[in-house]
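Engineer: Protein chains in written order, with the working numbering: chain A, 1 to 173; chain B, 1 to 173.
Some clues are possibly wrong.
Where chains are identical, the list cannot tell them apart; a pair therefore holds if satisfied intra-copy or between any two copies.
Listed below are the simulated SDA-like cross-link pairs for lysine to any residue, each with C-alpha atoms no more than 25 Å apart in a straight line [claimed, not checked]:
hint: 1; residue 1: Lys-162; residue 2: Arg-32
hint: 2; residue 1: Lys-166; residue 2: Glu-25
hint: 3; residue 1: Lys-166; residue 2: Met-1
hint: 4; residue 1: Lys-166; residue 2: Tyr-154
hint: 5; residue 1: Lys-166; residue 2: Glu-129
hint: 6; residue 1: Lys-162; residue 2: Val-112
hint: 7; residue 1: Lys-162; residue 2: Glu-3
hint: 8; residue 1: Lys-162; residue 2: Asn-2
hint: 9; residue 1: Lys-166; residue 2: Arg-32
hint: 10; residue 1: Lys-162; residue 2: His-110
hint: 11; residue 1: Lys-166; residue 2: Glu-9
hint: 12; residue 1: Lys-166; residue 2: Ile-140
hint: 13; residue 1: Lys-166; residue 2: Asn-2
hint: 14; residue 1: Lys-166; residue 2: Glu-10
hint: 15; residue 1: Lys-162; residue 2: Gly-78
hint: 16; residue 1: Lys-162; residue 2: Ile-173
hint: 17; residue 1: Lys-162; residue 2: Tyr-77
hint: 18; residue 1: Lys-162; residue 2: Arg-12
hint: 19; residue 1: Lys-162; residue 2: Ser-13
Since the hints were made in silico from the structure, they are not lab data.
These figures come from a predicted structure and were not determined experimentally.
There are 2 protein chains.
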Amino acid sequence: MNETLHVLEERRSVRAYRPEQIREEQLEAILRAATYAPTGMNRQSPVMVVVQDAVTRETLRRMNAAVMGRPDSDPFYGAPTIVIVLANRGVSTCIEDGSLVMGNLMNAAHAVGVDSCWIHRAREEFDSEEGRALLRSWGIEGDYIGIGHCILGYREGDYPEKRARKENYVYRI
Amino acid sequence: MNETLHVLEERRSVRAYRPEQIREEQLEAILRAATYAPTGMNRQSPVMVVVQDAVTRETLRRMNAAVMGRPDSDPFYGAPTIVIVLANRGVSTCIEDGSLVMGNLMNAAHAVGVDSCWIHRAREEFDSEEGRALLRSWGIEGDYIGIGHCILGYREGDYPEKRARKENYVYRI
Numbered sequence: 001m002n003e004t005l006h007v008l009e010e011r012r013s014v015r016a017y018r019p020e021q022i023r024e025e026q027l028e029a030i031l032r033a034a035t036y037a038p039t040g041m042n043r044q045s046p047v048m049v050v051v052q053d054a055v056t057r058e059t060l061r062r063m064n065a066a067v068m069g070r071p072d073s074d075p076f077y078g079a080p081t082i083v084i085v086l087a088n089r090g091v092s093t094c095i096e097d098g099s100l101v102m103g104n105l106m107n108a109a110h111a112v113g114v115d116s117c118w119i120h121r122a123r124e125e126f127d128s129e130e131g132r133a134l135l136r137s138w139g140i141e142g143d144y145i146g147i148g149h150c151i152l153g154y155r156e157g158d159y160p161e162k163r164a165r166k167e168n169y170v171y172r173i
Numbered sequence: 001m002n003e004t005l006h007v008l009e010e011r012r013s014v015r016a017y018r019p020e021q022i023r024e025e026q027l028e029a030i031l032r033a034a035t036y037a038p039t040g041m042n043r044q045s046p047v048m049v050v051v052q053d054a055v056t057r058e059t060l061r062r063m064n065a066a067v068m069g070r071p072d073s074d075p076f077y078g079a080p081t082i083v084i085v086l087a088n089r090g091v092s093t094c095i096e097d098g099s100l101v102m103g104n105l106m107n108a109a110h111a112v113g114v115d116s117c118w119i120h121r122a123r124e125e126f127d128s129e130e131g132r133a134l135l136r137s138w139g140i141e142g143d144y145i146g147i148g149h150c151i152l153g154y155r156e157g158d159y160p161e162k163r164a165r166k167e168n169y170v171y172r173i
């Protein structure tokens, strides 16, 4: 089977990670592939923020868990790298653009042997005053909307099973 | 280079097509890969509608061109296949889910040698009374939001050039 089709079909969302960090060359390849996601009118509205330090990770964990209403949980499942995707809110296709970046991150990760999962609630995080202050502290100016977090790492335990696809996903008319 | 990374980075949006139809096995591989795009909570909210007949294609062309305000144009650039992606409006992640399906369609297409482009304005098309009637005529019941059209075909002319990525796409904090 075509290798890329295999990657697209066999990528799974992984929800348990070992603490060991992914290799820098893997991260760079994943980020690079994501910058080539298409965007409406090639406006390239998204940005990616790579978080690997324990202090920032804990801040995000606390904020995300609070949005979820489970303050003691780790919504990032122990993954050692979090890539936050945001997009320029003034661009009409900002959610679509940011989602395609997320998709390329997840597919590229699987292509290089890194596990991943889309963790949501980035919008609530970065619409808050605390989130806006974080963006400013990172040097990100402008009105950005949080699209998602792509967590990256090496899984703990078995690879997730392939789930059945729904009936009627495709209509041939 | 890893074949999948190459596909993700070298896929381009193609805006000129030959009339010849893509091969059925290519279409099936592309659609199949798209059904494996991740969706929030695995709800699989999107559906795909494959349009290849001239009458329906002309209806979509007219509707899309009207939204664009250029009624005589062909927003689908002559592509012989249009895959409409819609998603269940009642699902909070419907736009993100549908966008990931669009992403897998475009990446899978490039993987098998088919050109593609995201054509927008599906939301306006299927929010209209005419669009809703089309969905019903195709047997699609429920409240669906149009996410995009993935046009598929073989390009006319040269492969588009790689465009520069913006500065500061990635922040390492």
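Engineer: Hints the structure violates: just list their numbers, smallest first.
Structural biologist: Going through the list in order, the structure violates hints 4, 5, 16 and respects the others.
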